[in-house]
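Number of protein chains: 2
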Amino acid sequence: MEALHTYFGLHRPAIEDHIQSVLGELDPLIVPVASHVLGAGGKRLRPILCVLTAEAFGYRDKEVYPLATALELLHSATLIHDDILDGAALRRGQPSAHLAFGVQETVLAGDALLAMANKCIAGYGQPELMRIASEAIMATANGEIMEIAQLREPRLSEEDYFQIITGKTAVLIQASCECGAVLAGAKGPQRQAAQDLGRNLGIAFQLVDDALDYTSAVEDSGKPIGGDLREGKLTLPLLFYLKSLPQEEAERVLAAIKHGTLDEVEQSAIITAIGQAHLAEATREVAAGYLEQARKALQFFPAGPCQTLLGSILEYVQYRNT
Amino acid sequence: MEALHTYFGLHRPAIEDHIQSVLGELDPLIVPVASHVLGAGGKRLRPILCVLTAEAFGYRDKEVYPLATALELLHSATLIHDDILDGAALRRGQPSAHLAFGVQETVLAGDALLAMANKCIAGYGQPELMRIASEAIMATANGEIMEIAQLREPRLSEEDYFQIITGKTAVLIQASCECGAVLAGAKGPQRQAAQDLGRNLGIAFQLVDDALDYTSAVEDSGKPIGGDLREGKLTLPLLFYLKSLPQEEAERVLAAIKHGTLDEVEQSAIITAIGQAHLAEATREVAAGYLEQARKALQFFPAGPCQTLLGSILEYVQYRNT
Numbered sequence: 038m039e040a041l042h043t044y045f046g047l048h049r050p051a052i053e054d055h056i057q058s059v060l061g062e063l064d065p066l067i068v069p070v071a072s073h074v075l076g077a078g079g080k081r082l083r084p085i086l087c088v089l090t091a092e093a094f095g096y097r098d099k100e101v102y103p104l105a106t107a108l109e110l111l112h113s114a115t116l117i118h119d120d121i122l123d124g125a126a127l128r129r130g131q132p133s134a135h136l137a138f139g140v141q142e143t144v145l146a147g148d149a150l151l152a153m154a155n156k157c158i159a160g161y162g163q164p165e166l167m168r169i170a171s172e173a174i175m176a177t178a179n180g181e182i183m184e185i186a187q188l189r190e191p192r193l194s195e196e197d198y199f200q201i202i203t204g205k206t207a208v209l210i211q212a213s214c215e216c217g218a219v220l221a222g223a224k225g226p227q228r229q230a231a232q233d234l235g236r237n238l239g240i241a242f243q244l245v246d247d248a249l250d251y252t253s254a255v256e257d258s259g260k261p262i263g264g265d266l267r268e269g270k271l272t273l274p275l276l277f278y279l280k281s282l283p284q285e286e287a288e289r290v291l292a293a294i295k296h297g298t299l300d301e302v303e304q305s306a307i308i309t310a311i312g313q314a315h316l317a318e319a320t321r322e323v324a325a326g327y328l329e330q331a332r333k334a335l336q337f338f339p340a341g342p343c344q345t346l347l348g349s350i351l352e353y354v355q356y357r358n359t
Numbered sequence: 038m039e040a041l042h043t044y045f046g047l048h049r050p051a052i053e054d055h056i057q058s059v060l061g062e063l064d065p066l067i068v069p070v071a072s073h074v075l076g077a078g079g080k081r082l083r084p085i086l087c088v089l090t091a092e093a094f095g096y097r098d099k100e101v102y103p104l105a106t107a108l109e110l111l112h113s114a115t116l117i118h119d120d121i122l123d124g125a126a127l128r129r130g131q132p133s134a135h136l137a138f139g140v141q142e143t144v145l146a147g148d149a150l151l152a153m154a155n156k157c158i159a160g161y162g163q164p165e166l167m168r169i170a171s172e173a174i175m176a177t178a179n180g181e182i183m184e185i186a187q188l189r190e191p192r193l194s195e196e197d198y199f200q201i202i203t204g205k206t207a208v209l210i211q212a213s214c215e216c217g218a219v220l221a222g223a224k225g226p227q228r229q230a231a232q233d234l235g236r237n238l239g240i241a242f243q244l245v246d247d248a249l250d251y252t253s254a255v256e257d258s259g260k261p262i263g264g265d266l267r268e269g270k271l272t273l274p275l276l277f278y279l280k281s282l283p284q285e286e287a288e289r290v291l292a293a294i295k296h297g298t299l300d301e302v303e304q305s306a307i308i309t310a311i312g313q314a315h316l317a318e319a320t321r322e323v324a325a326g327y328l329e330q331a332r333k334a335l336q337f338f339p340a341g342p343c344q345t346l347l348g349s350i351l352e353y354v355q356y357r358n359t
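Protein chains in written order, with this note's numbering: chain A, 38 to 359; chain B, 38 to 359.
FYI, nobody ran anything at the bench for these hints, they're computed from the structure.
Among the clues, some could well be false.
Treat identical chains as interchangeable: a pair holds within one or across any two.
As the list claims (entries may be wrong) - Derived DSSO-like pairs (lysine-lysine); straight-line CA-CA distance at most 30 Å:
| id | residue 1 | residue 2 |
| --- | --- | --- |
| 1 | K156 | K224 |
| 2 | K156 | K80 |
| 3 | K99 | K333 |
| 4 | K224 | K80 |
| 5 | K295 | K156 |
| 6 | K295 | K80 |
| 7 | K80 | K333 |
| 8 | K280 | K156 |
| 9 | K99 | K156 |
| 10 | K99 | K295 |
| 11 | K280 | K295 |
| 12 | K224 | K295 |
| 13 | K270 | K280 |
| 14 | K270 | K99 |
| 15 | K224 | K270 |
| 16 | K280 | K99 |
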C-alpha cells in the first residue's frame, strides 16, 4: 500500500495540473460548480487506473495525462448531473452542486465537462478511444436511467441492482483501464484483461460504496448514514435485508420506500437491523468475489511493478473505509 | 424551392427511420421526452445539410444517414437541456420538455441523446468527424453559458450577441456541413468552404429566428410573440431598439429586463415599437449579409444540382416565416 501511495504521489501533480488548466478554460459562470466537484479532493481513481494500465502495457509518455484527466472529467460530469437526479444533499461532505449553484449552472457545467472530455479524447485521433469513451457515457446514462426507474417502481431484483451499478459506475472504470491499455497498444487478450480488470473492480468499488453507506458515519464518508435508504435506493445490503423478511412484510416495506412513507423511526430500525445482521459485511463479501475475478484478469498483465500496484488497488477497494 | 422539397422528400424517410430506431433503443423512461423533441416535426435542417454537403462533394452512400441523424440528435440534446435552462414554456408549439416530463427525465434524455450521437459518430472511425462534433458540442455549451450570463448581467453589446448565437446555433450547423464534406473526403479550401457556408448560414438562421420572435404569432412559430423579451433575452431587434433610445432610458429598460420588472403593458409597448421601427426587418437585413457570405463560400463547391439546392436553402432561410 506504501508503494501505491508513492505512485499516486508521483502522478497526481500532473493530473491536478491538467484539471486546473481545464478549469481555467471554462466560462466563469460554471467554474464554481465545476471546481466544487472536480477540486473536491476526489480519489482520482479513474485517472490513476488509466496511467497505471498504460504503464503496465509499456506506455510511459506524459501524453497519458490528458487522457487520464478526461476520464475524471467524464466522471465529474456524471456526478454533477447525478446530483440533480437524486437530489442528494451531500456529496463528498459538501452540499451538492444544484443546491449550492442552481440547476442552470449545474446542467451546463456537466455538459461542458462532457464536451471537454470528448474533445480531449478526440484529440488523440484514435477512433478506439472515442468508441470506448462514448460507450461508457452511454452506459452511465443508461445506469442512471435504470436507477431512477427503480426508484419509482422498486423491485426486489438483484439482477436489476447489478445492471444499475455496472452501468452507472463499473463501465467508466472499465473504460479507464481499457483506454490506458489501448493507448499503450494492447490488443486481443491483453486488452480484454484490462476490460475485465476494470469492470470487476468497478462493480466491487460500488458494492463497497453501498456497504459503506450503512456503516460509515458522515465524518468518514461525507454522506449521512443510511442515505441510500432515505433516497429510496435499493442497494445490496437493503435487498439482503428485504429478502430476510417474510414476503408480506418485505412488500409492505417496499411500498413504503416507493411512496416515501417510511418514517424516521422505521428508517433507523432498518439501518440498525442491517447492522446487526452484518449485511454490509455480506455485501463486502460479494465485492470480494468480483475482486477475485479482477485478480484473475490481472494475471494476463505483464509481470512487473504496475501489475503489483494494480493488485494493491484491488486490496484498497476491498478494505477501504471511506 | 420545388427541387428542394423534392430533395427533402427523397432523403427524409431514411433520416426519420434512423431517428425512430434511435428512439427504439432508448430506455422507456426517457422515450416520451426524447420523442417529444425528436419527433416533433423539426425541420431536419442539420441532417439535410450534412447529406447535401456530402453529396455535393461526391459522396452518395447511404452510410451518410447515421451521421446526418447524429447531428439531429446533438441538436435535440441541446434543445432538451436548453428547455431546462431558459424555462421556455413553449417549444415548437408544445409545452417544453421539463414542464411536461420532469427535470430528471429531461436531464437524462439530453445526456442519452448526446451519448448516442457520440457513439454513432465514433463508429465511423474517423477522428476528424469526432473532433468536429466534440468542438461543436463544446461551442454550443459555451453559447448557452454566455446566454445565461447575459440574462443575469445584460449588456448592450452586439458583439456578445453574435458570440452567443454563433456558439449556441451556428457552430452545430457549421459542423453539419463540415461533417458531410469530411465524409466525402473534402480537404483544404473545399472543407473550409463547407465550414464557411455552415457558419454563415447558421448565424443567419438564428438572426431570422430572432426577427421572427417579434413578428410571428404563436400559430406560425409555435412560440408566443415577443417571447425573447419576456425571457429577458437581448436579441438583435431589441438591441436595435435600445440603441434607438436616449442612453438614460435604455439603461432604465435594461435594468427592468434584468430584474424582470417590465410589466405586460411596457412589454407590449416595446414589441409594438420594434414592429413600427421595422427592427425585425433590419435584423433580416443583417442576416442577408451573412447569407451573402454563405453564397460566396458556396462558389467553392463543385458546380451541380447540390450546389443549386444549397443555394435554395440560403434563400429559404432568408425568407422563411416559421
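Against the earlier hints, flag every one the structure doesn't satisfy and list their numbers going up.
5, 6, 8, 10, 12, 14, 15 and 16
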